[in-house]
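K.L.:
Line by line, the protein sequences are chains G and A.
Residue numbers for the first sequence follow the working numbering, so the first one is -11 and each next one is one higher.
Residue numbers for the second sequence follow the working numbering, so the first one is 258 and each next one is one higher.
Check the hints yourself; a few may be wrong.
[As the list claims (entries may be wrong)] Capping the alpha-carbon separation at 20 angstroms, the derived lysine to aspartate or glutamate pairs in DMTMM-like fashion look like this:
(1) G:K93 <-> A:D295
(2) G:K30 <-> A:D295
(3) G:K93 <-> A:D283
(4) A:K266 <-> A:E329
(5) G:K56 <-> G:E3
(6) G:K37 <-> G:E76
(7) G:K93 <-> G:D73
(8) G:K37 <-> G:E59
Source of the hints: derived by calculation from the structure; they are not laboratory data.
The primary structure of each chain is shown beneath.
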Amino acid sequence: AQSVTQLDSHVSVSEGTPVLLRCNYSSSYSPSLFWYVQHPNKGLQLLLKYTSAATLVKGINGFEAEFKKSETSFHLTKPSAHMSDAAEYFCVVTGPGYSTLTFGKGTMLLVSP
Amino acid sequence: NAGVTQTPKFQVLKTGQSMTLQCAQDMNHEYMSWYRQDPGMGLRLIHYSVGAGITDQGEVPNGYNVSRSTTEDFPLRLLSAAPSQTSVYFCASSNIPGQGEDIQYFGAGTRLSVL
């Protein structure tokens, strides 16, 4: 079975400062990993995806994530936060044969002016 | 380009009532799934399907039924609604891995309240 832990339920940053959202995973095989974003009262949108091609993955809106197998981590970063980044972020790992997705409990990113 | 369409957007039920949440996709995806989202719990898989006529249970299937008679549609049925089923429900679809892009596309959600 696979699992994913998002280490912070809330992260607060000021506009223009770096963003770090932490995610650790557990899997007995080579997983695919995703980050999704959900703005208030909206559906989920894919930010980026890791599938073993490259450990540093670039996504939309300036976000990127680095896969570190030795640390079983897939942290999401952005150099400079924007007010529009305020949303909930989910780290996701796939199951065997991609039959299921396991979601983390989410990290709410708050951006202050 | 509709993508994944969920109806209704909002619904209020009384305990014991039944209803069907509709989900349709126009991307010819084989894989479809239903999740529920509760505060502090992330999204939890209810049921999924890898093609017409094939369904399987996810993490929290109790109280829900699904069927997949066509590739496009994957309705979720609540036979006897309970307050514990108050939640936001998301439908998603994707290709089967190895058969093209396997990114999951989500609908806008159905917000359900059971009184």
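K.L.:
Among all the numbered hints in the text so far, which are the ones the structure does not match?
P.N.:
Failing hints, ascending: 3, 5.
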